[in-house]
Amino acid sequence: MAKPGDEAVSDGLASAPPAIPQRRTAARPRHLSIEQRLRWVGFLFVLPALLHLALFKFYPMAQALLLSLFRYDLLSPPRFAGLGNYRALYENPLFHQSLGVSVKYTLGVAIPEWFLALGLALLLNRAMAGRGVIRLAYFLPIAMSQIVVALVWKFLYHPHGLVNGLLEMASIGRINWLSEEATALPALMAIGVWRGVPLFSVVYLAGLQAIPGEYYEASTIDGAGPWQRFRYITLPLLRPTMLFVIVVSLLMAMKFFTNPLVMTEGGPNGTTRVLPYFIYETGFAFFRMGEAAAASSVLFALAFLFTLVQFRMLRRETAE
Amino acid sequence: MTGRSARRILGWAVSLLTIAGAGLVLLPYFWMVSSSLKTQDEIFRLPIEWIPRAPQWANYPTALARFPFEKYFFNSTLVAVAVMASNLFLCSLAAYGLAKFRFPGRESCFRAMLSTLMLPLEILLVPTFLVVRQLGLLDSYAGLIIPLAVDAFGIFLMRQYIMDLPDSLIEAARLDGCSEFGIYWRIILPNCRPALAALAVLSFRENWDQFLWPLLIASKESLKTFPLGLALFEGSFNASYHEMMAAAVVGMVPMILLFLLFQRAFVRGITLSGLKE
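Those sequence lines, one after another, are chains A and B. Going letter by letter, the first sequence gives residues 1 to 320 in our numbering. Going letter by letter, the second sequence gives residues 1 to 277 in our numbering.
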């Protein structure tokens, strides 16, 4: 049925930019109307999802930007405040602290994930006995519910919990992990890394397996050592995967605040109050919706910046 | 000769390290199950008791009787299934439209949809709450489900898959007089089963685990989800860690089962979304 020529033409149809119409054949009027009809059909298929995203993503985002210019406590009607909310944030030391905590947390989780996940993927890609079972063991944290993770780790970090028990058996002494300013945030970062590394190593593993084995064979024949194979074959071919991992890990760490909420309530002294938690508190504990919206706008800007940088890098990548 | 045996020893060492690492990753689960079977006095005892001497199976019924966990369990499952079903339908439909039709503004549509990936619910918490309040959906199943009914991630994943389906499949059906929706329903959907399965598993996992959103909009006891129930349990029975761990194990079991049963679909989902582009 499908001749090779057909394939090529229809392929062009599917991927051509819509601005340049391509006619399949010298168009008879009947064909034209079918094509026009198909345009509508395609658009109608996309429409429900588009409307949903407009209502629950774009409209809320626009509303947040607008609301950030008002004072609003949910009860009395909003009052225009100009840039008052932004000024309030600028003068609020808790906001500055929270911004700093967020940056520290995001980088402190994402950067170790990049390297550990790649390392783990390389380990799991080796031929070894029982590889399937070992992979399964590593990937199990992906399936863990976030609240279960929070509860279990709170229990592990308990002053008399397992972590301190092990330290005590090694005669190091106990640490109040979650109630000391110096250790609370790193303790939460460790959980983030424990949970994120398996996820991203699945992505890396897929990337590794997509590299044709012949490349390695050929380079071995040419006398390349393991390091050279890694440096000149694996790394360059993994670049798109790496970019994906970098951006997704940053976005994931940036938005996360279940653990601070459940385990530390942002404490001690605000050292674990990440920005999304600050927004949550400002909005739903203090009912300063306008100020929360202003802080959300700052968070959008950060997320937007990260994504923009990634798209730039990706475009350069595909252009090469 | 010595080089080869050195390499073999190194290989063994790396394998051992891999296995030890797996043990370390699994330690929290093991400790959780072990603690759920201890008495209150035993949980913090030193030296560490890895395996409880007399397993306290009664911890499970005791813990589960403290809260209406069956109701929470039902709510989580209902929300997860409804969100999953709507995502499977709406995302695959939109993905088909984006992958196999040409219309003005298609690329901008796709880009706009993709851009919502950087606007997860956690970041839009305050305004989404206000929208749902305007719609009068606070404290209802609809309020729990509808805001999550489309996730751009699903559109992206399905589009990747549908683009690779041959156009001849669609054209043949069209020549046979199949309606456009019929082509989607009878030709496209059956041909993307692997991608649908991957999306189904990822979506179910994520949404069974909803915590923040229900925390905000479900103040009625009868609407709370299992993770929310667990968090409340923690707040009210702070000291009884053995019971909390028992409840947590119960909450973990569906996820682990899902993961073991659909491991392939999980991995395929993560791969499909990450590898291409």
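Since the hints were made in silico from the structure, they are not lab data. Treat the numbers as computed from the prediction; the structure is a model and nothing was measured. We put the beta carbon where it would ideally sit given N, CA and C, even for glycine. Treat the hints with care, as some may be off.
What the simulated footprint calls covered on chain A by chain B, stretch by stretch (three residues with Cβ under 8 angstroms from a Cβ of chain B suffice, anywhere in the stretch; the number is not a length) [unchecked claim]:
id	region
1	50-63
2	197-210
Derived DEER-like restraints, expressed as beta-carbon distance ranges [as the list claims (entries may be wrong)]:
id	chain 1	residue 1	chain 2	residue 2	range
3	B	G182	A	M313	52 to 62 angstroms
4	A	L237	B	E42	50 to 60 angstroms
5	A	L107	B	L27	49 to 59 angstroms
6	A	Y59	B	L16	54 to 64 angstroms
7	A	L55	B	G182	41 to 51 angstroms
8	A	R87	B	D139	46 to 56 angstroms
9	A	G82	B	E171	39 to 49 angstroms
10	A	M313	B	Y141	14 to 24 angstroms
11	B	E221	A	F287	20 to 30 angstroms
12	A	L107	B	Y141	36 to 46 angstroms
On the chain A side, residues computed to face chain B include the following (Cβ under 8 angstroms) [said to hold, decoys possible]:
id	residue
13	N125
14	W153
15	I233
16	G283
17	F286
18	V309
19	M313
> Which earlier hints can't be squared with this structure?
Replying inline: Violated: hints 3, 5, 7, 8, 9, 10, 13, 15, 17, 18 and 19.
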